[in-house]
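In this note's numbering, each residue carries its 1-based index in the sequence shown increased by 3.
Some hints here could point you the wrong way.
As the list claims (entries may be wrong) - BS3-like cross-link-like pairs, simulated, lysine-lysine; straight-line CA separation at most 30 Å:
hint, residue 1, residue 2
1, K154, K81
2, K175, K109
3, K109, K88
4, K107, K173
5, K113, K173
6, K93, K70
7, K154, K175
8, K44, K154
9, K81, K44
10, K107, K208
11, K208, K36
12, K70, K175
13, K81, K107
To be clear, the hints were calculated from the coordinates, so they are not data collected in a lab.
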Amino acid sequence: MMNHYNYYLFDYDGTICNTFPTIHSAMSQTFEKSGLNTIDKITMLSAVSKGGALHDTIRHLLPEASKLNFDDVEAIAKIYREQYKECDEKLTVLFEGAAAVFEKLKAQDKTIIVLSNKGIAAVERSLKALNLFDQTDLIIAEGAFPDLALKLKPDPMVYETIITQNFNIKNKEEVLMTGDTHADILFANNCGIASCWAAYGYGQKDACEVLHPTYTIQEISEII
4 MMNHYNYYLF DYDGTICNTF PTIHSAMSQT FEKSGLNTID KITMLSAVSK GGALHDTIRH
64 LLPEASKLNF DDVEAIAKIY REQYKECDEK LTVLFEGAAA VFEKLKAQDK TIIVLSNKGI
124 AAVERSLKAL NLFDQTDLII AEGAFPDLAL KLKPDPMVYE TIITQNFNIK NKEEVLMTGD
184 THADILFANN CGIASCWAAY GYGQKDACEV LHPTYTIQEI SEII
């Protein structure tokens with residue numbers, strides 16, 4: 004049990020929600036519409052396991068993207084966002100126990116922050132559909148603060164610039180970051196806070212374990 008913390012930071016994909024079917028479906032349709040070869044599930048999972056932002060994932064899946072400029076990659080990303088929105092509500096589900104964890108943490112007056120490298124619109128839409136939006140105190144995702152040039156995980160910028168200031172956090176021992184990829188664990192290490200590796204998610208075992216997470220869980224309910 005990890006209920007002695009006051010601030011709970013959660014990754015979104017592969018930690019709170021099982022979004023892989025949504026991601027794979029949306030990316031496959033995107034590549035098909037773009038005249039590109041479709042991506043098999045193993046290759047897709049390898050890309051998702053890195054916990055990167057959308058442009059990074061596209062470049063990983065499409066080696067020739069290294070020759071494309073930002074606008075070309077963004078054109079592919081735009082199609083993906085449209086495809087993702089179409090299948091999100093149908094395919095994305097909560098991991099078992101996630102709703103209960105949020106409910107119990109809020110009953111204990113804990114602060115819940117969802118921290119994702121995914122676009123803010125997709126995260127907000129999904130949390131609303133899954134009835135977790137109102138239990139979330141803050142959502143930080145790509146595009147959430149357009150006036151700030153935020154660096155995403157594993158860079159500690161969002162923790163140091165937004166989280167600690169918004170909640171006036173003085174003691175790092177009050178904070179726990181839970182996520183499924185090495186980007187999440189490295190983010191926690193860079194911030195100097197405790198980490199919990201969600202081993203049930205999409206991250207690669209060796210890449211996560213070498214970072215020595217404070218805790219390892221096989222299901223999200225183990226947090227409480």
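A quick look at each hint next to the structure:
1. K154 to K81: Given that 30 Å is the threshold and the Cα spacing comes to 21 Å, the pair holds.
2. K175 to K109: At roughly 20 Å apart (the allowed maximum being 30 Å), K109 and K175 satisfy the hint.
3. K109 to K88: 28 Å, holds
4. K107 to K173: Given that 30 Å is the threshold and the Cα spacing comes to 24 Å, the pair holds.
5. K113 to K173: 16 Å, holds
6. K93 to K70: 35 Å, violated
7. K154 to K175: Given that 30 Å is the threshold and the Cα spacing comes to 20 Å, the pair holds.
8. K44 to K154: Given that 30 Å is the threshold and the Cα spacing comes to 28 Å, the pair holds.
9. K81 to K44: 21 Å, holds
10. K107 to K208: 29 Å, holds
11. K208 to K36: Not OK: K208 and K36 at ~33 Å, beyond 30 Å, violated.
12. K70 to K175: Violated: K70 and K175 sit about 42 Å apart, past 30 Å.
13. K81 to K107: Roughly 37 Å between the alpha carbons, so the hint for K81 and K107 is violated.
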